[in-house]
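**Student:** Sequence:
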Amino acid sequence: MVFKEKEKILNAIFSDTNFYWPFSYRLIAFIEQIRPELTDVRSMVDYLIQQMESKGIPYLRESIERWFNGADIQKSGEASFRESMYKICFALDFSVTECYRFYKQVALDKAFYIRDVKEFVYYYCLKNDLS
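Residue numbers (the numbering used here): 40 to 170.
Keep in mind that the hints were calculated from the coordinates and are not lab data. Small disclaimer: the values here were computed from a predicted structure and weren't measured. One or more hints might be untrue.
[Unchecked claim] Here are the simulated DSS-like cross-link-like pairs (lysine-lysine), alpha carbons at most 30 Å apart as the crow flies:
no., residue 1, residue 2
1, K94, K149
2, K166, K149
3, K143, K166
4, K143, K94
Can you build the whole structure from these sequences, using the hints too?
**Tutor:** Written out as structure tokens, the structure reads:
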């Protein structure tokens, strides 16, 4: 019984082709799902920058372009990877559920480490539509 459950879980993980895609591919695929009218990387970069600017979220254009172009996700001195992912969630007005999905499909990580004060605040703000 336990082996059958583990086998089902492993099959689900390995059948998910997004699991093997580089970060930039997963990000592009996710953006395509939520904004199908954005058909190329340049329009996605511009859209994300426009959303960040309209909400007063600090960003580096170079970083955002790197996220979409397959280069290193993070360089030293920049915000942490998780913090950058939350910036995207806030910029795109995600709900908590959308943030969970984003982390699962794009960041390949768990959203909201509730024991981390910053992440608890992010959770609270997304849950209560405060940005």
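**Student:** It remains to establish, for every hint, whether it holds in the given structure.
**Tutor:** For each hint, the structure was consulted:
With a C-alpha separation of about 25 Å, the suggested pairing of K94 with K149 holds against the 30 Å cut-off. At roughly 16 Å between alpha-carbon atoms, K166 and K149 fall within 30 Å of each other, so this suggested pair holds. Among the hinted pairs, K143 with K166 is consistent with the structure: their alpha-carbon atoms are about 18 Å apart, no more than 30 Å. Of the pairs offered as hints, the one joining K143 and K94 holds, with about 24 Å between alpha carbons and a cut-off of 30 Å not exceeded.
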